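Visitor: Spelled out, the chains give:
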Amino acid sequence: MIIGTNKSGNALTVSLEGRLDTVTAPELDAALKAALPGVADLIFDFAKLEYVSSAGLRVLLSAQKTMNAQGKMRIRNVNETITEIFDVTGFSDILTIE
Amino acid sequence: MKEKTEKKGGFWSRLRDRLTPDEMFLETEIQANKLGALILLCSGIILALILVLTAFGAFLLPMSSVFSPLIQAVVEVLILLVVCRAVKYRAWWLKHLLMLGLVIVYARLDVVVTHKAAILMVLPVLFSSRYFSRRLTVFTSIFTTVVFAISAIWGSTHGMININIVTMEAGTTMTATGGFLGDAVNNAGAADRAAFDAMLIKNTLLFDYLPKWLMFSIASIISCNIARRGREMVVNQHEKDVETARISTELNLATRIQADMVPNIYPAFPDRREFDVYATMDPAKEVGGDFYDFFLVDDDHLCLVMADVSGKGVPAALFMMASKIILANNAMIGKSPGQILSDTNAAICSHNREEMFVTVWLGILEISTGKLIAANAGHEYPVVKRGDGDFEILRDKHGFVVGGMAGMQYKEYEITLEPGSRLFLYTDGVPEATDAENNMFGVDRMLAALNEAKDKTTVEILRSVRGAVDGFVRNAEQFDDLTMLCLEYKGTAGPQKTEGEDADASDTPQERKGLPE
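The listed protein sequences correspond, in order, to chains A and B.
Just so you know, we're using my numbering here: the first sequence kicks off at 888 and counts up by one.
Just so you know, we're using my numbering here: the second sequence kicks off at 12 and counts up by one.
Honestly, the hints are just simulated from the structure, not real lab data.
Predicted model only: the values in this text are computed from it and were never measured.
A virtual CB, placed ideally from N, CA and C, is assigned to each residue, including glycine.
Among the hints, a few may not be true.
[As the list claims (entries may be wrong)] Chain A regions said to be covered by chain B (calculated; three or more residues, Cβ under 8 angstroms): (1) 941-954; (2) 975-981.
[Unchecked claim] Among the chain B residues that face chain A by a calculated CB cut under 7 angstroms, a handful are: (3) Gly322; (4) Glu366; (5) Gly389; (6) Phe411; (7) Gly415.
Based on the sequences and whatever the hints tell you, model everything.
Guide: Written out as C-alpha cells, the structure reads:
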C-alpha cells in the first residue's frame, strides 16, 4: 500500500493506494498517529484504494474517534467494493463519505 | 588413602565439569573437532610431501636436519587422528589435545624452516576461535607463545640459519666449501661455538621471534574477539530457539482451548428432531478471531451466533474469547437479539482501549414455530434457503460493529423458516478466500456451492462450500479464518428424512473442528 499525505494549514489529505489490510493497516496507523495532532480537517482519498479489511476498518474507526474530538473527517472517492464493506459493517453510519 | 583417591576423582570430575561445554555448544564443539582433524590431516599430508621432496633433493635442506623433526610431526599427526576417530570427536578434552598437538606439530616445522614460516605460529590460535571459547583461545595463545619461543631457540642453532641476523666481528673471514652461504657463516662461528650460538639465540629472539610474536598477538586478539562474538551469537540463538519452542507449545495449547470453546461435538442435539446444526471453524493461524456459537436458551429457543473479530492471531483470539462469553451470558438470561448486541457492545466498549471490534450476527429461533428473530452488527449477510427454494442472500438490516462505539442500538428483524429451510452463516474468510492470482472466491461462487448441495444435510452443505473454496484457492496460502455454520429447520410436524442423513450421522458422531477430507 502507498500512503500519500498532503498537509495545508490544519487540513490533511491522506491518499491511499492498494489494499488496506492486516499487513498494511499498522503502517497507516503509525502514519496517522504521527500526522494527526493539530489537524482539524482530515480527508481520506480512496480513489486508488481497492480493499479494506477489518484491520483497516479498525484504523479508520480510531481516526474517526480522534477527529470527533478535534475536528472532522471525510472520505472521498470510495469504490463499490469498499462502499459495500462500509455498508455491511455499519461503518457507513459513523463515517462521512462524500 | 581413601580420602586421597576421592580428592583425585574430585579434581578430574571438577576439571571435566569445567571444560565440558554447555549443551548448546556441544554441536559446535563436535564440528570444530572435525575441522581440527581435517586441519591435522592436511598438515600431515604437507609434512609427508616435504619429507618426500626433500629426500629427492627438491629443497635446499639437508635430509639429516629435516628427517627427525618432520617424521616426529607426522607420527604425532597420525596419533591425534586416531584419537579423534576413537572418541568420535566427542571427548571433552579433545579440543585441548588438538590445540597442544597442532602447536607442537607446527613448532617442529618451525624448527626446520625457522624464519621462513611465520604464519605457522598463527594457525592454531586462528583455528581455536572456531570453538567460540575465549578461554580456549587464550590457552592456545599462551601455549603457542611458549612452544614457539622454544622452537625459535632450538631452530636458531639446529635449523636453517638466518644469515641476516648474524653479527660478526670486523675482519672475520669466511671460507666457502661449496653448498649454502649459511654453511659458510656457520663454519665461521665454529671458532667459538658457544659464543656464536649465544649470539644466534639472542638475535633470533630479538629480530625474528619478537616481531613474529607481535604479529601473532594481534591475531590472538582478533581470534579472542571472534570466539567471544561467536559465543554470544550461539547463546542468543539458543535463547531464541527456547523462546520459539515455548511460544509454539503455548500456541498449540491455545489452538485446542479455542477449538474447545465452541460447540464441536456432532450431532450437536441428537435428541432434537426439529432441527440440525453443524459448524466448522478453521483459523488461518494457530488461533483466530472468528467464532460461531449455538445453544438452547430454553426448550423452545435456539440461539445462533456468527462473529468475526477485527484482525487475526492472538490479539483477535483473546478478544474473541471475551466476546463469545459476554454474548452467551447476555443471551442465556433471555434477552432479545437487539438487546443482547446493545448490552454486549456496552460491556466491551467499557474496556477496549485497543479499539478492537467484532462483527456479530445473532439470531434466536423459536423451534416450535420456525420464527427467527435476528440482529446484525456489521456482519456478512446471512444466506437463507426457504422451503423448496434456492439459497439466497438475505439483505438484512445492518447495525454498527460491536465494540466500535459506545451507545449503539441494534435493530431486530424477523423471518419465518418453513420446514425444509436452511440458514447458512459465515465470516468474510469464505467470500474473500483468495487464489494465487489475488482473485476472490466471491459470494456468487459461494451461492453456487450451497445450491449444489441445497437439499443435503448440514454436514454435506458445509463440505460442498469448503470443497469449492479449496478448489478455487488451490495452493495459495489461507489468509483469513474460515468459519461456517449451517442450520436445517425440519419443523415440528415430525422427522423429515433428509437424503443421506442417517449415514452421515453415524459417519461423524464425534466430529471435531474442520471438515472431513
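Visitor: Holds or violated: the hint that Phe411(B) contacts chain A, with Cβ atoms closer than 7 angstroms.
Guide: Check passed: Cβ of Phe411(B) comes within 4 angstroms of chain A, closer than 7 angstroms.
Visitor: Using Cβ atoms only, decide whether Gly322(B) comes closer than 7 angstroms to chain A, and label the hint accordingly.
Guide: Interface hint status for Gly322(B): holds (5 angstroms vs cutoff 7 angstroms).
Visitor: Grab the minimum C-beta distance from Glu366(B) to chain A and call the hint holds if it beats 7 angstroms, violated otherwise.
Guide: holds, 5 angstroms
Visitor: Check, residue by residue, whether the segment 975-981 of chain A contains three or more positions whose beta-carbon lies closer than 8 angstroms to a beta-carbon of chain B, and give the verdict.
Guide: Our answer is that it holds, as 6 residues pass the Cβ test (under 8 angstroms) against chain B, meeting three.
Visitor: Identify whether the interface hint at Gly389(B) stands, where standing means a beta carbon of chain A within less than 7 angstroms of its own.
Guide: Holds, because the Cβ-Cβ distance from Gly389(B) to chain A comes to roughly 4 angstroms (cut-off 7 angstroms).
Visitor: Measuring from the C-beta of Gly415(B) to each C-beta in chain A, is the shortest one below 7 angstroms?
Guide: holds, 5 angstroms
Visitor: Counting residues of the segment 941-954 of chain A whose CB is closer than 8 angstroms to a CB in chain B, do you get three or more?
Guide: holds (count 7)
In the structure shown, no violation is registered for any of the earlier numbered hints.
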